[in-house]
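Here the protein sequences come in this chain order: A, B, C and D. Residues in the first sequence are numbered from 2 upward in steps of one, following the working numbering. Residues in the second sequence are numbered from 2 upward in steps of one, following the working numbering. Residues in the third sequence are numbered from 2 upward in steps of one, following the working numbering. Residues in the fourth sequence are numbered from 2 upward in steps of one, following the working numbering.
Bear in mind the hints are in silico, worked out from the structure with no lab data behind them. Note that the Cβ used here is the ideal one computed from N, Cα and C, for glycine as well. Misleading hints may appear alongside valid ones.
[Stated by the list, open to error] Here are some, though not all, of the chain C residues that point toward chain D, as calculated from beta-carbon distances under 7 Å: (1) 90; (2) 103; (3) 104; (4) 150; (5) 180.
[What the hints assert, rightly or not] Listed below are the simulated DSS-like cross-link pairs for lysine-lysine, each with C-alpha atoms no more than 30 Å apart in a straight line: (6) C/23 to D/92; (7) B/92 to A/92; (8) A/23 to B/10.
Number of protein chains: 4
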Amino acid sequence: MSSDADIYKHQNFGNPLGLGDKVALLIVDFVNGFDDADQFGGGNVTEACNNTVGLLKACRELNLTIAHTRVVLADDGSDDNIMAIKVPALKNLTENAPGSHIVERLKPLPGEIIVRKRLPSAFFGTDLAPNFTMRRIDTVLVTGCTTSGCVRASAVDAMCHGFRPIVISDCCGDRALGPHEANLFDLRQKYTDIMTRDEVIAELTARQAQAAE
Amino acid sequence: MSSDADIYKHQNFGNPLGLGDKVALLIVDFVNGFDDADQFGGGNVTEACNNTVGLLKACRELNLTIAHTRVVLADDGSDDNIMAIKVPALKNLTENAPGSHIVERLKPLPGEIIVRKRLPSAFFGTDLAPNFTMRRIDTVLVTGCTTSGCVRASAVDAMCHGFRPIVISDCCGDRALGPHEANLFDLRQKYTDIMTRDEVIAELTARQAQAAE
Amino acid sequence: MSSDADIYKHQNFGNPLGLGDKVALLIVDFVNGFDDADQFGGGNVTEACNNTVGLLKACRELNLTIAHTRVVLADDGSDDNIMAIKVPALKNLTENAPGSHIVERLKPLPGEIIVRKRLPSAFFGTDLAPNFTMRRIDTVLVTGCTTSGCVRASAVDAMCHGFRPIVISDCCGDRALGPHEANLFDLRQKYTDIMTRDEVIAELTARQAQAAE
Amino acid sequence: MSSDADIYKHQNFGNPLGLGDKVALLIVDFVNGFDDADQFGGGNVTEACNNTVGLLKACRELNLTIAHTRVVLADDGSDDNIMAIKVPALKNLTENAPGSHIVERLKPLPGEIIVRKRLPSAFFGTDLAPNFTMRRIDTVLVTGCTTSGCVRASAVDAMCHGFRPIVISDCCGDRALGPHEANLFDLRQKYTDIMTRDEVIAELTARQAQAAE
Numbered sequence: 002m003s004s005d006a007d008i009y010k011h012q013n014f015g016n017p018l019g020l021g022d023k024v025a026l027l028i029v030d031f032v033n034g035f036d037d038a039d040q041f042g043g044g045n046v047t048e049a050c051n052n053t054v055g056l057l058k059a060c061r062e063l064n065l066t067i068a069h070t071r072v073v074l075a076d077d078g079s080d081d082n083i084m085a086i087k088v089p090a091l092k093n094l095t096e097n098a099p100g101s102h103i104v105e106r107l108k109p110l111p112g113e114i115i116v117r118k119r120l121p122s123a124f125f126g127t128d129l130a131p132n133f134t135m136r137r138i139d140t141v142l143v144t145g146c147t148t149s150g151c152v153r154a155s156a157v158d159a160m161c162h163g164f165r166p167i168v169i170s171d172c173c174g175d176r177a178l179g180p181h182e183a184n185l186f187d188l189r190q191k192y193t194d195i196m197t198r199d200e201v202i203a204e205l206t207a208r209q210a211q212a213a214e
Numbered sequence: 002m003s004s005d006a007d008i009y010k011h012q013n014f015g016n017p018l019g020l021g022d023k024v025a026l027l028i029v030d031f032v033n034g035f036d037d038a039d040q041f042g043g044g045n046v047t048e049a050c051n052n053t054v055g056l057l058k059a060c061r062e063l064n065l066t067i068a069h070t071r072v073v074l075a076d077d078g079s080d081d082n083i084m085a086i087k088v089p090a091l092k093n094l095t096e097n098a099p100g101s102h103i104v105e106r107l108k109p110l111p112g113e114i115i116v117r118k119r120l121p122s123a124f125f126g127t128d129l130a131p132n133f134t135m136r137r138i139d140t141v142l143v144t145g146c147t148t149s150g151c152v153r154a155s156a157v158d159a160m161c162h163g164f165r166p167i168v169i170s171d172c173c174g175d176r177a178l179g180p181h182e183a184n185l186f187d188l189r190q191k192y193t194d195i196m197t198r199d200e201v202i203a204e205l206t207a208r209q210a211q212a213a214e
Numbered sequence: 002m003s004s005d006a007d008i009y010k011h012q013n014f015g016n017p018l019g020l021g022d023k024v025a026l027l028i029v030d031f032v033n034g035f036d037d038a039d040q041f042g043g044g045n046v047t048e049a050c051n052n053t054v055g056l057l058k059a060c061r062e063l064n065l066t067i068a069h070t071r072v073v074l075a076d077d078g079s080d081d082n083i084m085a086i087k088v089p090a091l092k093n094l095t096e097n098a099p100g101s102h103i104v105e106r107l108k109p110l111p112g113e114i115i116v117r118k119r120l121p122s123a124f125f126g127t128d129l130a131p132n133f134t135m136r137r138i139d140t141v142l143v144t145g146c147t148t149s150g151c152v153r154a155s156a157v158d159a160m161c162h163g164f165r166p167i168v169i170s171d172c173c174g175d176r177a178l179g180p181h182e183a184n185l186f187d188l189r190q191k192y193t194d195i196m197t198r199d200e201v202i203a204e205l206t207a208r209q210a211q212a213a214e
Numbered sequence: 002m003s004s005d006a007d008i009y010k011h012q013n014f015g016n017p018l019g020l021g022d023k024v025a026l027l028i029v030d031f032v033n034g035f036d037d038a039d040q041f042g043g044g045n046v047t048e049a050c051n052n053t054v055g056l057l058k059a060c061r062e063l064n065l066t067i068a069h070t071r072v073v074l075a076d077d078g079s080d081d082n083i084m085a086i087k088v089p090a091l092k093n094l095t096e097n098a099p100g101s102h103i104v105e106r107l108k109p110l111p112g113e114i115i116v117r118k119r120l121p122s123a124f125f126g127t128d129l130a131p132n133f134t135m136r137r138i139d140t141v142l143v144t145g146c147t148t149s150g151c152v153r154a155s156a157v158d159a160m161c162h163g164f165r166p167i168v169i170s171d172c173c174g175d176r177a178l179g180p181h182e183a184n185l186f187d188l189r190q191k192y193t194d195i196m197t198r199d200e201v202i203a204e205l206t207a208r209q210a211q212a213a214e
């Protein structure tokens, strides 16, 4: 994509945001149904989910605010939406369906935010943005799946709501690798920083060490 | 992308929405600054803009609700946002800058909605969704630029707000063709129908004829 | 308040909206905790709740869209908000607390929308507006408690989202009668129509009869 | 209203929020049309507007973020909404109408936020909340008119978005004094702190002195 990147560079897109002062970790839809190639998963989703285990551990040790999302639709179809017409299998993700539950290896601890949503963005039709605002979060590390769907929508909305989104590339996965790469390209040019897990852990840890001096 | 498409097909993505009963036309950011390859344009943006002239004419004859968007930031930086850090040239698009004005060939007529926005989606931080809701719109034809930016964000948000988005592929343009195609793929699989200009005009015209019988 | 009303009349406030073509019934927070004067109830809340039984029955017979709200906060405080500082007892309204459950006499039927919320408005931080928009609702009958709190906030937001709000005065209750009356005054002047239960049932029934002719 | 207040006290409403760490001043709709008893003003609106001059001066000296709102509807009716049915005179408040312009004595300085809105809340259909979030505002001083309309709606929405709203009672005015008092009562019990202008200036000044030591 070097020629696409050149066009964006010529128009001065892709400038860095940097980490702000108060960082939250957002884990989008790492639920059983997306960790399963027969339901909504496949591609590099499971690998990204595995990579997120270490990031979650590091963020807990750093006492960051942590938010998880689940896709949950009503059992009786009362909140079916346009997206459920495009993707009818979403209707299987009801409150008690195993597919809608967060994977065991990323199980939320008490006090971590759990957002139920029915649309791509973690922020649309939820009170996550106000919750982050009240906590004075200014930076959101975005992980989860899929890169071309709920991760992108959540990262774009994080930006819209006034937070700096930092997408952690190896903690985001997609059922198909073409869209994974294409969406990381768009995000980096227009909306977010892109960092790897190890880069962001190193920077957060270095900052904490500096603050403790 | 046939293999990516196969994965989506296997998971039963990409089902059609169809046109509803009351259709609006949304023209996203066809302003001078995006019709200029030295500012924000290039690629197939100008071609898409030209294609939209005929669609706008047809929609006016069909008496559809029509909405245009402009990107407008304050002269004094008081409403600069995170996106203006990523893409500083957006700050040039002030109220009176020629670059922020809708191209002459798509000039709005009195009574057509004009939305000023500072973020990708035509719906975020604006009252376009309530305006459409009040008019009982159920379907939004999405055109404009760029496909990988404000068109996609507006189409996704249209869906989130409860409207059926129909992206008109040859009336959407992007400065880079890779992202244009990649985003049409995502939109078709997850969020919107994709039609060409001539297909949608034919269907709308046929319906009107049928209704008049 | 005749002199206050005169001021509004002089400035041409208080014009009627009328019922639109597709009506939904919204029942705000008629849960056990608000039906109990020792928790959040008192005043005319229980009376309003009782009056709503007949309205709900009529709306079901007319096949209207019906939505109920509950206040539900997380057990672990992860979604506590500013309002929970002002009114700490709200934190008792967790998912399984009897106080957060809809009163038995207004128990939702399968297919009726149930909105969990943590803020006054039924629309803020929820996807109720998109759900209504998708169903092409244009008019919302607003009932529930309290008139000076969640009813008012929901009625104002219904208007903001592009729906015509009709507040059903004898199906809204408040722990204190001064605020009940004061808020009906504001709503009538600026935001909504006010009808009694019997008036709205009569009008809806007459319309249905007319449509059936 | 002592008996109403007793009911609220019994249910443990009305707890204080306190000022947070980063305060913004929000001035709602102090425009010429509301400073004129023949248009939308009267009552104590002009007095509240005059009182706000000193508060604005103090907040500027303290380098607080300052936001002003105007009501602005399109000249051609394209964005008329439900509220414009209730209150048709709002349609006179077009971009260039003198009535929609901020009063001379509170004229915004460059860099102060100016929000155009068409609905009661300064936050609904605008990007004010993201702007405040990006600046890490946690407390919003709410002034303007009318107390029973746009001030209340803005204060409630400030709370919903995760900011602590502090309504400055003598810098809020209403065309009718009954609703002014009734709404301050509701706000104090459920949503905001209430302070006078001199109280808030004294506290902000004392904090600054303390921080400078």
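Against the structure, the hints:
Hint status for residue 90 of chain C relative to chain D: holds, with the closest Cβ pair at about 5 Å, below 7 Å. Checking residue 103 of chain C against chain D by beta carbon gives a least distance of about 20 Å; that is not within 7 Å, so the hint is violated. Because the beta carbon of residue 104 of chain C sits about 18 Å from the nearest beta carbon in chain D, more than 7 Å, this interface hint is broken. The closest approach between the C-beta of residue 150 of chain C and any C-beta of chain D is roughly 6 Å, which is under the 7 Å cut-off, so the hint is satisfied.
Satisfaction of the interface hint for residue 180 of chain C is found here, the shortest Cβ-Cβ separation to chain D being roughly 6 Å, below the 7 Å cut-off. Taken as a hint, the residue 23 of chain C and residue 92 of chain D pair is honoured in the structure, with Cα atoms around 26 Å apart against an allowance of 30 Å. For a cut-off of 30 Å, the pair hint linking residue 92 of chain B to residue 92 of chain A is broken: about 42 Å separates their Cα positions. Between the alpha carbons of residue 23 of chain A and residue 10 of chain B the distance comes to roughly 41 Å, so the proposed pair goes past 30 Å and is violated.
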